[in-house]
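Participant: Make a model of the complete structure from these sequences and hints.
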Amino acid sequence: MSERQPLAGIRVLDFSTLLPGPLATLLLAEAGAEVIKVERPGRGDEMRSYVPKFGTDSVNFAMLNRG
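Just so you know, we're using the numbering used here here: the sequence shown kicks off at 351 and counts up by one.
Watch out, some of these pointers could steer you wrong.
Unchecked claim - Beta-carbon label-pair distances, calculated as ranges:
| id | residue 1 | residue 2 | range |
| --- | --- | --- | --- |
| 1 | Thr-406 | Leu-368 | 27 to 33 Å |
| 2 | Ala-412 | Phe-365 | 15 to 21 Å |
| 3 | Glu-389 | Ile-360 | 18 to 24 Å |
| 4 | Glu-384 | Ala-412 | 18 to 24 Å |
| 5 | Glu-353 | Pro-391 | 36 to 42 Å |
| 6 | Ser-399 | Ile-360 | 26 to 32 Å |
| 7 | Thr-406 | Arg-354 | 14 to 20 Å |
| 8 | Gly-394 | Pro-356 | 28 to 34 Å |
| 9 | Ala-374 | Tyr-400 | 14 to 20 Å |
| 10 | Leu-373 | Thr-406 | 17 to 23 Å |
| 11 | Gly-392 | Glu-353 | 40 to 46 Å |
| 12 | Gly-359 | Lys-403 | 31 to 37 Å |
None of these hints come from the bench; they were simulated from the model. Just so it is clear, the structure is predicted and the values come from calculations on it, not from any experiment. The C-beta atom is built at its ideal place from N, Cα and C for all residues, glycine as well.
Facilitator: Structure, rendered in structure tokens:
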């Protein structure tokens, strides 16, 4: 038996940066929402540049934006 996630079918547009917004949208994604991250044109999310790095992106960015 599979349980339906409480936010399945909900779409969220994420215009946030740094820690609070991505953490909130990660929780929404884990509850089943489809999260679409929108970054600043030409700059992206500044958290991508933080160290330590995982490939080309920050470890923090990779963890918080996995949803």
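Participant: Each hint should be assessed against the structure and marked as holding or not.
Facilitator: Hint by hint, here is what the structure shows:
Look at Thr-406 against Leu-368: about 18 Å separates their beta carbons, and that is not inside 27 to 33 Å. Distance hint for Ala-412 and Phe-365: a CB-CB separation of about 19 Å, consistent with the stated range 15 to 21 Å. Between Glu-389 and Ile-360 the C-beta distance comes to about 21 Å, which sits within the given range of 18 to 24 Å. Between Glu-384 and Ala-412 the CB atoms are about 19 Å apart, so this pair conforms to the stated range of 18 to 24 Å.
At about 39 Å, the CB distance of Glu-353 to Pro-391 agrees with the hint of 36 to 42 Å. In this structure, Ser-399 and Ile-360 meet the distance hint of 26 to 32 Å, their C-beta atoms being roughly 31 Å apart. Checked against the hint of 14 to 20 Å, the pair Thr-406 and Arg-354 fails, with Cβ atoms roughly 36 Å apart. Separated by about 31 Å at the C-beta atoms, Gly-394 and Pro-356 satisfy the suggested range of 28 to 34 Å.
Checking the proposed 14 to 20 Å range against Ala-374 and Tyr-400 shows it holds: the Cβ atoms sit about 18 Å from each other. With their beta carbons about 22 Å apart, Leu-373 and Thr-406 fall inside the hinted range of 17 to 23 Å. At roughly 42 Å, the beta carbons of Gly-392 and Glu-353 sit within the given window of 40 to 46 Å. The beta-carbon spacing between Gly-359 and Lys-403, approximately 35 Å, falls within the hinted interval of 31 to 37 Å.
Comparing the model with each earlier hint shows violations of hints 1 and 7; every other hint is respected.
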